[in-house]
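Student: The lines below spell out each chain.
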Amino acid sequence: MNMKDVKQLGARLATGGKAKPPLAVDAGAIRELAELLDETGLGEIEIEQGGCRIRVARPATTAPSAAHAPLSIMSEPLAAPGRAPLESQAVKRDGDGAISSPMVGTVYVAPEPGKPPFVKVGDTVREGDTLLIVEAMKTMNPIIAPRSGIVKEICVEDAQPIEFGQTLLVLS
Amino acid sequence: MNMKDVKQLGARLATGGKAKPPLAVDAGAIRELAELLDETGLGEIEIEQGGCRIRVARPATTAPSAAHAPLSIMSEPLAAPGRAPLESQAVKRDGDGAISSPMVGTVYVAPEPGKPPFVKVGDTVREGDTLLIVEAMKTMNPIIAPRSGIVKEICVEDAQPIEFGQTLLVLS
Amino acid sequence: MFEKILIANRGEIALRIHRACKEMGIATVAIHSTADADAMHVRLADESVCIGPAPAAQSYLNVPQIIAACEITGAEAVHPGYGFLSENARFAEIVADHGVTFIGPRPEHIRLMGDKIAAKQAVAQLGIPTVPGSEGAVGSDDDAASIAAAIGYPVLIKAAAGGGGRGMKVARRPEDLPLALTTARAEAKTAFADDSVYIEKYLERPRHIEVQVLADSFGKVLHLGERDCSLQRRNQKLWEEAPSPALNAAQREEIGHTVTSALSKLGYLGAGTVEFLFEDGQFYFIEMNTRLQVEHPVTEAITGIDIVREQIRIAAASPIELEQSDIVIAGNAIECRINAENPFSFQPSPGTITQFHAPGGLGVRFDSAMYTGYRVPPYYDSLAGKLIVHGRNRNECLMRLRRALDEIVVAGIETTIPLFQKLVRETDVLNGDYHIHWLEQYLAAHGA
Amino acid sequence: MFEKILIANRGEIALRIHRACKEMGIATVAIHSTADADAMHVRLADESVCIGPAPAAQSYLNVPQIIAACEITGAEAVHPGYGFLSENARFAEIVADHGVTFIGPRPEHIRLMGDKIAAKQAVAQLGIPTVPGSEGAVGSDDDAASIAAAIGYPVLIKAAAGGGGRGMKVARRPEDLPLALTTARAEAKTAFADDSVYIEKYLERPRHIEVQVLADSFGKVLHLGERDCSLQRRNQKLWEEAPSPALNAAQREEIGHTVTSALSKLGYLGAGTVEFLFEDGQFYFIEMNTRLQVEHPVTEAITGIDIVREQIRIAAASPIELEQSDIVIAGNAIECRINAENPFSFQPSPGTITQFHAPGGLGVRFDSAMYTGYRVPPYYDSLAGKLIVHGRNRNECLMRLRRALDEIVVAGIETTIPLFQKLVRETDVLNGDYHIHWLEQYLAAHGA
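Chains as they are written, first to last, in this note's numbering: chain A, 1 to 172; chain B, 1 to 172; chain C, 1 to 448; chain D, 1 to 448.
Hints were generated in silico from the structure; no laboratory data involved.
Incorrect hints may appear among the rest.
[Claimed, not checked] With the C-beta cut set under 8 Å, the calculated list includes, among others, these residues of chain C facing chain A:
#1 GLY52
#2 LEU61
#3 GLN65
#4 ILE67
#5 TYR379
[Stated by the list, open to error] BS3-like cross-link-like pairs, simulated, lysine-lysine; straight-line CA separation at most 30 Å:
#6 D:LYS4 x C:LYS4
#7 C:LYS201 x C:LYS4
#8 D:LYS4 x C:LYS422
#9 D:LYS4 x B:LYS138
#10 C:LYS422 x C:LYS201
#11 C:LYS4 x A:LYS138
#12 D:LYS201 x D:LYS265
#13 C:LYS265 x C:LYS220
#14 C:LYS116 x C:LYS237
#15 A:LYS152 x A:LYS115
#16 B:LYS120 x B:LYS138
#17 C:LYS265 x C:LYS201
[As the list claims (entries may be wrong)] Facing chain C, according to a computed beta carbon distance under 10 Å, are these residues of chain D, among others:
#18 VAL308
#19 SER325
#20 ILE327
#21 ILE329
#22 ALA330
#23 GLN355
#24 HIS357
#25 ALA358
#26 PRO359
#27 GLY363
#28 VAL364
#29 ASP367
#30 ARG403
#31 ALA404
#32 GLY412
In this text the structure is predicted, and so the values were computed from the model without any measurement.
For each residue, glycine too, the CB sits at the ideal point set by N, CA and C.
Required output: the full structure, derived from the provided sequences and hints.
Tutor: Okay, here's the thing in structure tokens:
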């Protein structure tokens, strides 16, 4: 169970249990249940009581983990077969601030080689500003700020190949 | 886990629910249920009583469950493939009273066809008494009471084939 | 030979192509939608690129993204598999325009065979038999009678403007013809405001038989025998076998020769399949598939030839290293399509596979992208695996199929396995005595 | 034909035999120890009988219990697999005494081949080449020199009372002989208080080559070509292939003929394997295995013949339906033994398989009783699965092996897979240039 699921569960519980403060009691319960999962080695625990219900579960092992995982496009080839699964490095980040690539291509941080980058960490940007450029099929596609904010992190390097959905930049 | 245990657990949950804020985690109950999962080999346990409900589970089962399970020697052939796994019917019972077969063979409850059985349910037997006979390779092997007791249950029928370790009879 | 191939597909066929590449020492690039991030083809490929969201139109059919994926990975060739972009002539052209080799036929042949009417005319000119019929609308009843006599009864009267079965009548004997014509014309008039009808040969219980072809860039065209794919439901093949229980060696050689000589004249390149209806010893062209087919493994089983490997070699301008006389049909093979759907209602059944265990042993091949914990996504087609069994004769093959079907474990979703467990015990199937309507009739009779 | 067969074994070979039975329409009885209650062969069999606790002596080697299991299930025949009771002549006799057919050779031939000295004498009389040597202890140095000259150098001087390498000296040339004799005699005297020595041909880098034979009750004896099992560690075969990279068709035919004519004279029945050392074009008998062998699937792959099926048919007094000329060697096959052990130290690694995924695709067979969640028990041998790949030629076979090895998932225990992933990239292995000491030398050089 990842944190996102926990939050959703908390929110759902909070809605159901109208009078209670959103997370106070539930978070504790979930934390306790999570500890119990660890302690007991259970797959899941579900509790329902007086209109409230908690179910916690460890995600079932899904994929053959000893199968060699694919190399994401930006990682160096791994030498040995039989390696452990990699999390895809192209996973979208949670949270509103992440700007992900709408296309496959090559990302550029500056309008031209040698020129200063469009943005740096700490810069304040306004909605509509160009943040990066993605080149695909000889076309330059500007990546535009969807809202104003401060550049918290730039997740790519200049001229790096990127996948669809890959996080490029995070606005705070 | 027998019904008595379930009821006790449920009762404790209900009690706990009253004394505590809406969503109380009865860690003791869950720990106990986890132990019961271990003990019983169950995949999951769910308890609901008086508005309270606990469900605990182990991660997914291990063996290919859709593979047709073997027929134990005393069951009728199942017609359809893809059936659910059978628990081996030859599983040894827990507890001191169970007398299990030390060999593969055919069990007889009486010294000769038509004669009265060696023992009946409710009989008092003494250590060394013959309880049954198992025939294997044309040899008659008496099954001897390992201790004195009362015959609580006879688990086999006359002339039934039996496996190694199969429970024949229970002494109380 | 190519150093790196991008596999523009998903599921079992992406894995199939990956396997051929690895056996040739070629690196693979998997593309995938966000829904397929955990898919087997992605896990096994040397590199992977997420090209779009779950809907196929935005991912597996998204040409610019696929081209961009070629560019950033440096793939030298693209294998389209089947479905998706595999018979898209424009895609083949765009790939070529970007300096990447399309592993498949020439765009003009993809285009030609994609137009069913033009295809029929073209192959007829090349000597491939088609369903005989009037060239267009028939005139008088006398004209119709002489055409019908030439074709041979039974004949089908069809509304020229028609469709959906309306305005269609069968005349089984000459004396049935006038009434059939009158009725068909009346229905056509009512339905389409046009009473013109045409006549063609009516096939009552045809088999679906298709011939697998390989053609290299040096003009060599070989056939690998036929497949019998008559067991279908709503034109979806479910059970394919090779060789066909209905063909003898002479018929095989004859239709094989007809097909290879036609495609040789056409200048065809790559793998392809010419599909026929077959009845009373006669073949009637249906269409040509200018791509790898789902059921290619049955041909691989009986010939020992890796068709995907040959596709790749041909695309790399290597010659086929075999002659027609090297192609030897050994034994019998059957493929069952394990679809993620209810075995009788065919209702799709996507979901998580809680347990998966492949069948093993002698003569059994299982091509599948399933694994324990894999989630069959609801976005794509329901094919989840293919069981292919090979035996020295058809009986051994059927018995092997039976035991292999009883070994597979796919829990958590519904599959077509129970249907095949029934079919492999049906007398008609055991006898090879079936036709393209058999399965639908069987399902109707057995409460499907 | 039998209606029901009891499979007196466990693991992958029990499953292998079950599969052959199911394909012949024969019901199966699995026997198992308490440790194997959840085993795959038990799960798939039509019936199962628990015959004893985990230790093999009390279960899989427990003859009375196995006979009792036949009695209560009504099994008409017993297939012993390999290991356990498969080469126990007394078991074969007891089975027969109880009116049950033993699927294997006649007890007298099991007994004969079980006595290594008697076996060597018997096969030599039947015309099978053995390692040449002095008939017994050699006398004077002059006698020794003439014997050595007759055998051909290099020769090995061995203590007649010897063992463990003591009292063993190699003479590579005639001039080495006197010193080798003196030293060997002195060592023999010290070690065994007996200075008699004998001489035999010394093989420096022999290959292990074995010939698979089938003989029916009508006097027909066929050979199915050879297997090369030279890649061994401590006499345990790890990698087997067929045909041998070292044999040509003429050699194959010659040794095949030698073996079949010898076994024909012997009146042998059933499947058997005659094992040889092979060096410089010469074969030297090691022993004969009067049972199915672990590595039989490589022969099945290249001949298409189901050896277990043939065993069962022969035991049912059916004639072999093939002639020697029907046996055609097609392509190459390699088997890798996937053992539950450390790939380099070979330390056993029993435990629970947390994830299992079999390799698939064209030309790949996986024989294994593993499944996700299966617990490899510590009581029995470490063989957990066999990967068998088949290709049209040795190179295709090797490339297929490489990709299949990279596909298998066996998590939770250590296996020999990483060793094979290395071996399949070693030049000597790729060239087929190896002998019975190669693997031990390789492991020593690579830090095993």
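Student: None of the hints should be skipped; say for each whether it holds.
Tutor: Hint check:
1. GLY52: OK, holds: GLY52 of chain C within 8 Å of chain A, min 5 Å.
2. LEU61: 14 Å, violated
3. GLN65: Interface hint status for GLN65 of chain C: holds (5 Å vs cutoff 8 Å).
4. ILE67: Constraint on ILE67 of chain C satisfied, holds at 5 Å.
5. TYR379: Violated, because the Cβ-Cβ distance from TYR379 of chain C to chain A comes to roughly 15 Å (cut-off 8 Å).
6. D:LYS4 x C:LYS4: 53 Å, violated
7. C:LYS201 x C:LYS4: 49 Å, violated
8. D:LYS4 x C:LYS422: Answer holds: LYS4 of chain D to LYS422 of chain C is near 23 Å, not above 30 Å.
9. D:LYS4 x B:LYS138: Distance of about 21 Å is within 30 Å: holds.
10. C:LYS422 x C:LYS201: 34 Å, violated
11. C:LYS4 x A:LYS138: Roughly 21 Å separates the two Cα atoms, so the pair holds.
12. D:LYS201 x D:LYS265: With Cα atoms ~27 Å apart, LYS201 of chain D and LYS265 of chain D stay inside 30 Å; holds.
13. C:LYS265 x C:LYS220: It holds: about 11 Å lies between the C-alpha atoms, which stays within 30 Å.
14. C:LYS116 x C:LYS237: 19 Å, holds
15. A:LYS152 x A:LYS115: Since the Cα atoms of LYS152 of chain A and LYS115 of chain A sit roughly 21 Å apart, the hinted pair holds (cutoff 30 Å).
16. B:LYS120 x B:LYS138: 25 Å, holds
17. C:LYS265 x C:LYS201: The hint holds at about 27 Å.
18. VAL308: This interface hint holds because 8 Å falls under the 10 Å limit.
19. SER325: 16 Å, violated
20. ILE327: 12 Å, violated
21. ILE329: The hint is violated - ILE329 of chain D has no Cβ within 10 Å of chain C, the shortest such distance being about 13 Å.
22. ALA330: At 7 Å from the nearest chain C Cβ, ALA330 of chain D passes the 10 Å test, so the hint holds.
23. GLN355: 7 Å, holds
24. HIS357: 5 Å, holds
25. ALA358: Holds, about 5 Å.
26. PRO359: Holds, because the Cβ-Cβ distance from PRO359 of chain D to chain C comes to roughly 9 Å (cut-off 10 Å).
27. GLY363: Hint on GLY363 of chain D: holds, closest Cβ of chain C at ~8 Å, below 10 Å.
28. VAL364: Holds - the Cβ of VAL364 of chain D comes within 10 Å of chain C, reaching about 7 Å at its closest.
29. ASP367: 6 Å, holds
30. ARG403: 4 Å, holds
31. ALA404: At about 8 Å, which falls below the 10 Å cut-off, the nearest Cβ of chain C leaves the hint on ALA404 of chain D intact, so it holds.
32. GLY412: At about 13 Å, which exceeds the 10 Å cut-off, the nearest Cβ of chain C leaves the hint on GLY412 of chain D violated.
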